[in-house]
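*Asks:* Model the full assembly from the supplied sequences, consistent with the hints where possible.
Residue numbers (the numbering used here), protein chains in the order written: chain A, 1 to 416; chain S, 417 to 536.
For the record, the hints were derived by calculation from the structure and aren't laboratory data. Where a beta carbon is used, it is the ideal one built from N, C-alpha and C, also for glycine. Please note that a few of the clues may not be correct.
A few chain S residues facing chain A, derived, Cβ under 10 Å [to be verified]:
#  : residue
1  : 426
2  : 463
3  : 466
4  : 467
5  : 470
6  : 483
7  : 484
8  : 485
9  : 490
10 : 492
11 : 511
12 : 512
13 : 513
14 : 517
15 : 530
No farther apart than 30 Å at their CA atoms in a straight line, the calculated lysine-lysine pairs in the BS3-like style are these [as the list claims (entries may be wrong)]:
#  : chain 1 : residue 1 : chain 2 : residue 2
16 : A       : 235       : S       : 430
17 : A       : 253       : A       : 264
18 : S       : 436       : A       : 134
19 : S       : 462       : A       : 198
20 : A       : 134       : A       : 259
21 : A       : 198       : S       : 440
22 : S       : 480       : A       : 263
23 : A       : 259       : S       : 480
24 : S       : 462       : A       : 253
25 : S       : 480       : A       : 235
26 : S       : 480       : S       : 430
27 : S       : 462       : A       : 264
28 : S       : 462       : A       : 345
29 : A       : 264       : S       : 430
30 : A       : 259       : A       : 345
31 : A       : 235       : S       : 440
32 : S       : 440       : A       : 244
In silico contact screen, one side only, chain A against chain S (beta carbon under 10 Å); selected entries [stated by the list, open to error]:
#  : residue
33 : 128
34 : 204
35 : 218
Read off the chains here:
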Amino acid sequence: MTAATRAGGLVFACLLASGMMRAAAAQTVPAAATAPTDTATKVTALQAATDTAFAETVQADASTSDFDKMRTPDSPAFVILGVSPTEIQRPGTPMAVATALSGFVSGSSVTIPTNLALEVAPYWLYDHPQLTSKAYQEGGWRNVYRTFTLSLATKQSSRDTTDMSGTTVTHSDTDLALGARARLYSSGPDRGAHCVEKLEALTSAATELSVTARLSDSELTDLASRFTVGSTDYKNAFQAAMAKKIAGDPVTKLQDAQKNLDKKCFDVTASAQGFSLDLAGAIDWTFPDSVASASNSNLISRAGWLSGAYASDRLTGILLARYVGLRSGTDWQQVFDAGLRLVFKRPTFGLSAEGIARLHLSGPGDDTYKVDLAAEYEFGNGTWVTVTFGRSFTAAQAGSLFSLANLSWSFGKPSI
Amino acid sequence: MSIHNPVPEFITYKVSPTSKVTAKVIIGDAQLGGWSISLGGTLLAKGADETPVEVATGAQLAGKILQVVVTVVDIQQETNRLSATVTISGGTAGDVPVTQTYDQGADGDTAILTTLVLFQ
Numbered sequence: 001m002t003a004a005t006r007a008g009g010l011v012f013a014c015l016l017a018s019g020m021m022r023a024a025a026a027q028t029v030p031a032a033a034t035a036p037t038d039t040a041t042k043v044t045a046l047q048a049a050t051d052t053a054f055a056e057t058v059q060a061d062a063s064t065s066d067f068d069k070m071r072t073p074d075s076p077a078f079v080i081l082g083v084s085p086t087e088i089q090r091p092g093t094p095m096a097v098a099t100a101l102s103g104f105v106s107g108s109s110v111t112i113p114t115n116l117a118l119e120v121a122p123y124w125l126y127d128h129p130q131l132t133s134k135a136y137q138e139g140g141w142r143n144v145y146r147t148f149t150l151s152l153a154t155k156q157s158s159r160d161t162t163d164m165s166g167t168t169v170t171h172s173d174t175d176l177a178l179g180a181r182a183r184l185y186s187s188g189p190d191r192g193a194h195c196v197e198k199l200e201a202l203t204s205a206a207t208e209l210s211v212t213a214r215l216s217d218s219e220l221t222d223l224a225s226r227f228t229v230g231s232t233d234y235k236n237a238f239q240a241a242m243a244k245k246i247a248g249d250p251v252t253k254l255q256d257a258q259k260n261l262d263k264k265c266f267d268v269t270a271s272a273q274g275f276s277l278d279l280a281g282a283i284d285w286t287f288p289d290s291v292a293s294a295s296n297s298n299l300i301s302r303a304g305w306l307s308g309a310y311a312s313d314r315l316t317g318i319l320l321a322r323y324v325g326l327r328s329g330t331d332w333q334q335v336f337d338a339g340l341r342l343v344f345k346r347p348t349f350g351l352s353a354e355g356i357a358r359l360h361l362s363g364p365g366d367d368t369y370k371v372d373l374a375a376e377y378e379f380g381n382g383t384w385v386t387v388t389f390g391r392s393f394t395a396a397q398a399g400s401l402f403s404l405a406n407l408s409w410s411f412g413k414p415s416i
Numbered sequence: 417m418s419i420h421n422p423v424p425e426f427i428t429y430k431v432s433p434t435s436k437v438t439a440k441v442i443i444g445d446a447q448l449g450g451w452s453i454s455l456g457g458t459l460l461a462k463g464a465d466e467t468p469v470e471v472a473t474g475a476q477l478a479g480k481i482l483q484v485v486v487t488v489v490d491i492q493q494e495t496n497r498l499s500a501t502v503t504i505s506g507g508t509a510g511d512v513p514v515t516q517t518y519d520q521g522a523d524g525d526t527a528i529l530t531t532l533v534l535f536q
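*Replies:* Here is the structure:
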């Protein structure tokens with residue numbers, strides 16, 4: 001495992017683990033010897049679980065991986081909740097949003113829907129017939145609101161409480177998370193020759209289909225002889241005649257061009273060449289016994305991400321800041337992370353360096369940091385040797401930086 | 417990746433004999449595509465950008481039909497909405513935009529949006 005992969009998903013996975021571990025810890029809360037209907041006790045039980053999760057969260061970073069996941073998450077609500085929904089609702093109209101949110105209403109009362117996973121891009125709920133692809137890609141500050149998305153998710157978990165008589169009662173609690181994300185700045189999609197070629201292939205195929213689909217003089221004359229020009233019958237007949245022409249080679253070429261299209265060539269929210277800056281935040285409430293009321297809701301965690309990235313053919317870099325707060329009783333345990341990763345890549349070798357500083361703003365735990373360096377070299381036939389060394393968050397002494405004890409070797413495919 | 421072919425939009429557009437009529441296509445909602453502009457069945461121009469196309473003078477256009485066929489492809493993950501605006505200019509009514517939107521498609525679908533203009 002290289003430095004790149006080892007520290008890769010550090011912050012993202014940390015937060016992901018936060019939600020997952022909180023859920024796991026909340027499943028069984030031992031011997032809270034009170035009546036199961038005591039709301040205060042339920043909250044205390046959840047807070048105990050949260051405390052445990054927080055301690056585990058800040059220790060989990062050393063073994064996480066996948067650097068790509070370190071970037072600001074696309075759906076912060078899912079991340080803070082620790083869920084990976086297989087099906088996400090993405091309504092495209094205001095009516096569809098209303099339908100998606102209808103699960104919050106049951107008769108005259110408010111409920112919390114189960115397993116909700118919703119992502120809404122408010123700007124795209126409405127038509128933008130004057131917004132060209134080029135204008136979107138070069139959108140500048142306007143793309144802040146164009147790329148703004150809201151995510152909403154719920155998750156159920158269970159916990160057991162035992163009363164004075166020894167009777168165990170299982171409670172079903174619900175977490176509700178709300179997240180927001182926006183790309184504050186982007187140089188735009190990749191405009192390299194590779195992308196230009198693919199986009200031109202698509203527009204060219206679409207243009208040729210437009211030429212193929214039009215009617216000939218004789219076909220127009222025939223329609224005009226049978227119907228009043230401009231009438232409903234005329235338009236329907238025009239449509240039917242055109243449908244017969246939409247077939248064959250032009251259609252195949254268009255579909256092939258679509259299949260070959262690369263997302264990075266047009267998507268301003270995808271990783272791109274040049275600079276990008278992303279901001280996200282999320283908050284998580286829990287509702288003991290899934291009772292949806294303001295007095296029964298408890299804000300138990302909050303998080304924010306800010307990441308700036310630069311990418312070119314040779315050099316990529318990511319500067320990241322993350323804040324995580326988990327409620328513990330009446331206090332908050334808060335951690336701030338700041339990290340930098342640089343990668344220099346050439347055809348036969350790669351170098352990567354990254355460091356993460358962790359500040360415990362409140363709650364238990366000491367300020368610490370992590371540093372990793374990695375180098376890899378291809379010595380022939382696609383076989384690469386990778387050397388990694390550094391210091392983990394849990395290193396006993398600051399002097400252990402670059403300790404040979406942390407030196408590791410691996411052979412295989414390049415991973416930087 | 418279905419191809420949709422909705423019923424064309426039809427407008428009449430008044431011109432004077434000296435009118436210099438142009439047509440312009442904008443593919444909206446940040447989607448990609450291409451278009452063709454034909455007078456009757458004769459192809460005048462094709463392309464993918466927003467450059468206005470010279471159609472003809474009013475004297476040459478009276479009674480004829482302009483076909484503007486726009487093929488719009490869904491490439492955006494934010495929306496499946498496909499739209500195009502055809503703007504006819506130079507006649508007595510000035511700029512007349514005709515916007516068509518197709519929002520019944522799925523990811524990666526294509527819509528062929530046709531505008532028919534009868535010159536009077």
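*Asks:* Decide, hint by hint, whether the structure agrees.
*Replies:* How the hints compare with the structure:
{"no.": "1", "hint": "426", "verdict": "5 Å, holds"}
{"no.": "2", "hint": "463", "verdict": "6 Å, holds"}
{"no.": "3", "hint": "466", "verdict": "7 Å, holds"}
{"no.": "4", "hint": "467", "verdict": "12 Å, violated"}
{"no.": "5", "hint": "470", "verdict": "18 Å, violated"}
{"no.": "6", "hint": "483", "verdict": "5 Å, holds"}
{"no.": "7", "hint": "484", "verdict": "9 Å, holds"}
{"no.": "8", "hint": "485", "verdict": "4 Å, holds"}
{"no.": "9", "hint": "490", "verdict": "9 Å, holds"}
{"no.": "10", "hint": "492", "verdict": "8 Å, holds"}
{"no.": "11", "hint": "511", "verdict": "13 Å, violated"}
{"no.": "12", "hint": "512", "verdict": "15 Å, violated"}
{"no.": "13", "hint": "513", "verdict": "9 Å, holds"}
{"no.": "14", "hint": "517", "verdict": "6 Å, holds"}
{"no.": "15", "hint": "530", "verdict": "7 Å, holds"}
{"no.": "16", "hint": "A:235 to S:430", "verdict": "20 Å, holds"}
{"no.": "17", "hint": "A:253 to A:264", "verdict": "21 Å, holds"}
{"no.": "18", "hint": "S:436 to A:134", "verdict": "28 Å, holds"}
{"no.": "19", "hint": "S:462 to A:198", "verdict": "19 Å, holds"}
{"no.": "20", "hint": "A:134 to A:259", "verdict": "21 Å, holds"}
{"no.": "21", "hint": "A:198 to S:440", "verdict": "24 Å, holds"}
{"no.": "22", "hint": "S:480 to A:263", "verdict": "42 Å, violated"}
{"no.": "23", "hint": "A:259 to S:480", "verdict": "39 Å, violated"}
{"no.": "24", "hint": "S:462 to A:253", "verdict": "17 Å, holds"}
{"no.": "25", "hint": "S:480 to A:235", "verdict": "16 Å, holds"}
{"no.": "26", "hint": "S:480 to S:430", "verdict": "11 Å, holds"}
{"no.": "27", "hint": "S:462 to A:264", "verdict": "27 Å, holds"}
{"no.": "28", "hint": "S:462 to A:345", "verdict": "42 Å, violated"}
{"no.": "29", "hint": "A:264 to S:430", "verdict": "45 Å, violated"}
{"no.": "30", "hint": "A:259 to A:345", "verdict": "28 Å, holds"}
{"no.": "31", "hint": "A:235 to S:440", "verdict": "22 Å, holds"}
{"no.": "32", "hint": "S:440 to A:244", "verdict": "26 Å, holds"}
{"no.": "33", "hint": "128", "verdict": "5 Å, holds"}
{"no.": "34", "hint": "204", "verdict": "7 Å, holds"}
{"no.": "35", "hint": "218", "verdict": "7 Å, holds"}
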